[in-house]
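4 protein chains.
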Amino acid sequence: MKTFSTRVLKCGHSLYIYSMNSTLILITCTDKVGLVALITQLLARHNLNIIAMREFVDEGANRFFSRIESSGPGFDQQVLYDELKQALPEKAEISINPLTEKRIAVLVTKEYHCLADILVRDVFHTLGAKVCCVAGNYDALRSFTERFDIPFHFIDHSDKSKQEFEQELSEAVNAYQPDYVVLAKFMRILSSDFVSRYPNKIINIHHSFLPAFIGAGPYRQAFERGVKLIGATAHFVTNDLDEGPIIVQQTIPVNHTFGVSEMVIAGKEIEKSVLSKALQLVLQDRVFVAGNKTIIFE
Amino acid sequence: MKTFSTRVLKCGHSLYIYSMNSTLILITCTDKVGLVALITQLLARHNLNIIAMREFVDEGANRFFSRIESSGPGFDQQVLYDELKQALPEKAEISINPLTEKRIAVLVTKEYHCLADILVRDVFHTLGAKVCCVAGNYDALRSFTERFDIPFHFIDHSDKSKQEFEQELSEAVNAYQPDYVVLAKFMRILSSDFVSRYPNKIINIHHSFLPAFIGAGPYRQAFERGVKLIGATAHFVTNDLDEGPIIVQQTIPVNHTFGVSEMVIAGKEIEKSVLSKALQLVLQDRVFVAGNKTIIFE
Amino acid sequence: MKTFSTRVLKCGHSLYIYSMNSTLILITCTDKVGLVALITQLLARHNLNIIAMREFVDEGANRFFSRIESSGPGFDQQVLYDELKQALPEKAEISINPLTEKRIAVLVTKEYHCLADILVRDVFHTLGAKVCCVAGNYDALRSFTERFDIPFHFIDHSDKSKQEFEQELSEAVNAYQPDYVVLAKFMRILSSDFVSRYPNKIINIHHSFLPAFIGAGPYRQAFERGVKLIGATAHFVTNDLDEGPIIVQQTIPVNHTFGVSEMVIAGKEIEKSVLSKALQLVLQDRVFVAGNKTIIFE
Amino acid sequence: MKTFSTRVLKCGHSLYIYSMNSTLILITCTDKVGLVALITQLLARHNLNIIAMREFVDEGANRFFSRIESSGPGFDQQVLYDELKQALPEKAEISINPLTEKRIAVLVTKEYHCLADILVRDVFHTLGAKVCCVAGNYDALRSFTERFDIPFHFIDHSDKSKQEFEQELSEAVNAYQPDYVVLAKFMRILSSDFVSRYPNKIINIHHSFLPAFIGAGPYRQAFERGVKLIGATAHFVTNDLDEGPIIVQQTIPVNHTFGVSEMVIAGKEIEKSVLSKALQLVLQDRVFVAGNKTIIFE
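So the protein sequences, as listed, match chains A, B, C and D.
For the first sequence, my numbering gives the first residue as 11, with consecutive numbering after it.
For the second sequence, my numbering gives the first residue as 11, with consecutive numbering after it.
For the third sequence, my numbering gives the first residue as 11, with consecutive numbering after it.
For the fourth sequence, my numbering gives the first residue as 11, with consecutive numbering after it.
These are computed hints drawn from the structure, not numbers from a lab.
Since this is a predicted model, take the numbers as computed values, not measurements.
Any given hint could turn out to be false.
Identical chains share a label here; the pair holds if one copy fits it or two copies do between them.
[Claimed, not checked] Straight line, CA to CA, 30 angstroms or less: simulated DSBU-like cross-link-like pairs of lysine-lysine:
hint : residue 1 : residue 2
1    : Lys172    : Lys278
2    : Lys278    : Lys120
3    : Lys95     : Lys303
4    : Lys101    : Lys42
5    : Lys211    : Lys140
6    : Lys112    : Lys101
7    : Lys120    : Lys140
8    : Lys287    : Lys120
9    : Lys42     : Lys95
10   : Lys278    : Lys303
11   : Lys112    : Lys287
With the hints as extra help, turn the sequences into a complete structure.
Written as structure tokens, this is what we have:
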């Protein structure tokens, strides 16, 4: 029997205050006719009233995705899970009440703006997660991090192989058992080996409107091309550099007076905003990964 | 037994191509526990598969609103209606397949920009409705309207009482039996009497970000106040001038170089865009009116 | 001695009403110390009062660009030109009062939305130019164009070589001596030969946020990549496909519910808006081309 | 003889790195013919080369405003000032090189989001000013402020008269001799008496798109009205509550799912962003106050 708790979910654009008896249910399975009716009937039998239900069918992949906010006087979570498992197509992924507070590890290099946004929200408990540690391949952000009483690990990359560096990084991070690893302007490319340890659990902020300006020096590339907008992209990290599923993208105007450094400065604001929005969506379990795309129930 | 037809729905941001056997269902009723399950079960019994379902509960008013896109091999529309009517709370409003092409009458004064946007979409069949007539209290837009083979009615307001003017306008418009009356920069205030003949069926574009700058000369007011954004608001017209349920609002930046006439010119672009978006939402049956607010399932 | 005239300049965001004696001066030259003082002194000597002056130095190219709106009781335009020519560095480009109404030729294929926006503004004299003709490689938009009393030329590409096609197109267009050629969703790639006949005079609307999704099928590419924004780019056409100087770019949000056709529909709105803005800037002589970039004095 | 220094100016959208010999000049005076020529000539005589010059004439008030970035090998600042004073119309306001780092005092109540943004930028020296103190009418933000080694003054309002409260506040703040007082969600209305001590030096963030929803509870007002956008306004504080000259405004979309608390949460992001942008503009001396409006040279 589950113990109910009050949960407050916060999103860039919305907030849900869950009462004592609210339940969040996430379902992914092969699509078939009548799934919504089937699921809602089952919930009704457990006296769960639907507050908000979102669903999407990826027709190419024939997959059904749903996120259901419901409330009810009390029910047996295990029984509901088992019934859903039996009723839904094989290999359905079902998650009931995943909203216990997540833990995140933040990787950084030298730039503070994304890290600061995360640490401030953490200290005021509006992040929707707990920052368990910050690790950097430079020591530059140690004192800032420690102002917030968060442990900082300096893992120098300069004196060791990529494999050694990542092994050390991995150990430092894993000690905290984070649910997500956030690359908050972490400027080292991670190996497939590292990435594969955290499938769909590493979130990166890329300083361009992907797929424009993939790779190094996107602001220089943007300057050379004479674009009139610059952007930022938050995405899950996969083995293909800069090719993982996109979560959030935004752009802001620039003009001929912007040199590379002006673009870098303007870009920081949009990077911060995009990563912040992406974290809120992910931490509220609003983001499903479907191949190299995301489905987001805002 | 309903005759199926292919329908194409268009929205600012999305398009749905309905296959032969698609069905749109709109429901508004008093809220109660289990409504979603109840409705989806009923649909399942008629072999209607849910493609997209949106619902919202206005907790203050205790009202439930839902818009359901479904598909199935064929069903008896009258039987489904009756079953829903019986199952749902008293005074439920149910609409099945309201999407036959609507007819709209457009009222204008002298400004062409909103009218032109509507007429161009009409001639290329992308409006989601048919413009049946244009009526103006000036004759200025007659020749433009007639380029599109749409009848234009000039109803001069200068030589008659408001009551006479509105009577004449009403007669001209009613002859076409429009589903909606669109005020495309129509600069006469309509009486309660006129408005009450078309409840939630008159859509106006107001040249400000309401409720700022209610009433006459909003751009002058905006200029005097030194605002850094101007906006436009599309809303349903009610007896309270500028107080009807808002459908769409947008703003654009202005600066100290803008005088009143520059604001007017910049404003036209946003007025056109806002009215266009509002019409698309309304004509696709995505907008529910709830008191002085709208619920919009985009 | 110049004959003064009243000119009204309109821009997306601003309007200038030139009084009888206003003068617009455009200058491009090698940069050197004291240019602004030198130019403004010269103007003062001709009793030209500066209303608005904008200048920019491209430091990489060591080029100075300036746009000056001034007014005065009357002056000898040729004398001013000669004095500026003598005072400024060699090969300075000077243009005094270039604002006589430009003529534009519009090339189209099958899509109406950009063409319609241009023709409507043309008929109400708010384009800042005169549309002299429309030419299409399909006949689809003839009747629409002719509603506006603009000649339409159908130049079929299917039965001839690219060279023959372009020769015919060129002849049709050149008969009207246009100042600019606008590609309003013209879906044929023009040869270097054709392009070089209109240096910095061909304006294209590209249906993506360049440089993302260069080439064919940008919306399909965007869909496959799972982007969360789509965009449009107006640019001058050069020999490098999709690589010419960018004038205006904008983006709008999309989400997982957008298939390719929904992106196409949403994209049309942004394409129309971006091309319209670009034309306004160019037609008001606010855009300077500097290498593969633009300098825009809004 | 002035001592040159390297200055880095940062703005939301642009950055200027001043070389050793750069000079910023601000001028406000009655308008007359030939001012730009007159000023630029004077600068040329001092070997000051104009990098960027912006000017605006408020025709209603017949006032000229100019901001000039220039560079040169060295000049006598006092002589230039005297020459400008003599050449320009009476009562001209002239400021040469006002860019020494400003000091700001921040007033808060309980909300952290605007304060945090300011303190983070302060600690990384990207604010363009130094935060000298934070004062609050609650003690809630003391520990957060002290993480950044900034003195926090708790001035309780509950046990004293408005006059006493403001006297105490004034004394605490004045001890630091701030150039600007920033109301970062300070929820007490300041008396005319207090305001008049800091003319055009108090910057407030108002949690609505002024002039909509003036006064208390703007988000509740916005919710009741059913608006589709909410906004924030940064403005200078004058004796008329919420009527001071506006510096920056932005809006973000909301919909029917937003209750008052969701609007409050979404609003915080826009409040933070708007205040941050306004501070950057003011601290770079880009903002001139003209009556109840601002002129901003971005």
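Hints, one by one, checked against the model:
{"no.": "1", "hint": "Lys172 <-> Lys278", "verdict": "within (27 angstroms within a copy, 41 angstroms between copies)"}
{"no.": "2", "hint": "Lys278 <-> Lys120", "verdict": "both (13 angstroms within a copy, 27 angstroms between copies)"}
{"no.": "3", "hint": "Lys95 <-> Lys303", "verdict": "within (25 angstroms within a copy, 41 angstroms between copies)"}
{"no.": "4", "hint": "Lys101 <-> Lys42", "verdict": "within (13 angstroms within a copy, 33 angstroms between copies)"}
{"no.": "5", "hint": "Lys211 <-> Lys140", "verdict": "within (15 angstroms within a copy, 39 angstroms between copies)"}
{"no.": "6", "hint": "Lys112 <-> Lys101", "verdict": "within (25 angstroms within a copy, 45 angstroms between copies)"}
{"no.": "7", "hint": "Lys120 <-> Lys140", "verdict": "both (22 angstroms within a copy, 22 angstroms between copies)"}
{"no.": "8", "hint": "Lys287 <-> Lys120", "verdict": "both (22 angstroms within a copy, 24 angstroms between copies)"}
{"no.": "9", "hint": "Lys42 <-> Lys95", "verdict": "both (15 angstroms within a copy, 28 angstroms between copies)"}
{"no.": "10", "hint": "Lys278 <-> Lys303", "verdict": "both (25 angstroms within a copy, 23 angstroms between copies)"}
{"no.": "11", "hint": "Lys112 <-> Lys287", "verdict": "within (16 angstroms within a copy, 32 angstroms between copies)"}
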